[in-house]
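Visitor: Here is how the chains run, residue by residue.
Protein chains: 2
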Amino acid sequence: MIKLYYAPHTCSLASHIALEEAGAAYSTLRINFASNEQRSPEYLAINPKGRVPAMVTERGILTETPAMLAFIAQSFPQARMAPLDDPFAFAQVQAFNSYLCATLHVAHAHRMRGHRWADDPAAIAAMQRKVPQSVAACYELIENGMLKGPWVMGDAYTICDPYLFTVAQWLEGDGIEPAQFPRVADHRRRMSGRPAVRKVVAEELAPAIVEA
Amino acid sequence: MIKLYYAPHTCSLASHIALEEAGAAYSTLRINFASNEQRSPEYLAINPKGRVPAMVTERGILTETPAMLAFIAQSFPQARMAPLDDPFAFAQVQAFNSYLCATLHVAHAHRMRGHRWADDPAAIAAMQRKVPQSVAACYELIENGMLKGPWVMGDAYTICDPYLFTVAQWLEGDGIEPAQFPRVADHRRRMSGRPAVRKVVAEELAPAIVEA
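Chains A and B, in that order, are what the protein sequence lines are.
According to numbering that gives the first Met the number 0, the stretch in the first sequence is residues 0 to 211, in order.
According to numbering that gives the first Met the number 0, the stretch in the second sequence is residues 0 to 211, in order.
Bound conformation, chain A alone (with noise of 0.2 Å):
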């Protein structure tokens, strides 16, 4: 069975959603971010990077969004969610989500973890101020081409969509009003309320369990 490893407000929340709606037997685990679990030793054994998704499977462990998403559509073909026989338009869909990965979440990063690039504590508050305008930058895009609509592909869901939808959270955080990129927020609308968004989303954002 596979186990995820996953973190509240973070991007593991893609991948969840995507084993939950491709019918996969699983099961997850909750690393808390507030302690620095995620750069605890045992962690670091499952991860090296420290970071969060991770994914236990039977042949090892996997890691990285964009792989992790593309391995659940290729192990889980009946769910559909990629066009799998099709390298074009399966490129499409990895070119939509690498996208995400490496311009629209690291533009956004900045504004909470700017100390990956940048130690003096100026530069990460001017880090922090071009937030709006870099990820809105990425929205445009996103507003007037790449998101084909009612799905980010088209009419097919895909493992796109889960992807825009985890970013879409932190449309607020960084300084975006979603009422500016309409097309983005009728897409997270729509994503909430299907049910297998609404069932990981309570799960995530359930309290932790405290240990006695």
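None of these hints come from the bench; they were simulated from the model.
Treat each hint with caution, since some may be false.
The list treats identical chains as interchangeable, and a pair is accepted whether it falls inside one copy or across any two copies.
List time: in silico EDC-like cross-link candidates among lysine to aspartate or glutamate, alpha-carbon distance up to 20 Å [said to hold, decoys possible]:
{"no.": "1", "residue 1": "K2", "residue 2": "D154"}
{"no.": "2", "residue 1": "K2", "residue 2": "E41"}
{"no.": "3", "residue 1": "K129", "residue 2": "D118"}
{"no.": "4", "residue 1": "K48", "residue 2": "E36"}
{"no.": "5", "residue 1": "K48", "residue 2": "E139"}
Keeping the supplied structure of chain A fixed, place chain B upon it in accordance with the hints.
Guide: What follows is chain B alone, placed relative to chain A:
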């Protein structure tokens, strides 16, 4: 026939090498970063992101290195550049490429593209100072686990290899002594000896033809 838009010294080298190794029928078009051609209306019509690489196929345009590399591997299966029939092994390939794209390349980009994430010149200078450290942290993980050797995924040459070779071109520029990472340096040397790599590198580094 595939048409690849590339610029020397950028990550487009990975797809260029992969096309050559795959035996693909393709042509190339050089984008002149010195004149900011990647932001010209003509090029933005090809790739609205204003970046390289972009690949024109008979079905349409693809962008994003990890997606393009997987597309090349799937489109030319006889070249055996990825474990196409094994979703777990394919996900390992993709996880490696995603890490290069979203973590290593991003760390590197703070040397010359800091303006993406901050406006203040002092902040941009602070980012540049941290590049040797943040890029080296990526190579620690690659050297000590991710690079299995002799090729990235072990005995099989895959689409991970041209990508690692491509980013490893930037080591010295990022202030890193390659001898610090002997397995990465050895991989770079081994790649340099491949006929496809020699051909592509020679083409990319040849002086641009000056139009009369």
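Visitor: So which hints don't hold here, by number, going up?
Guide: 1
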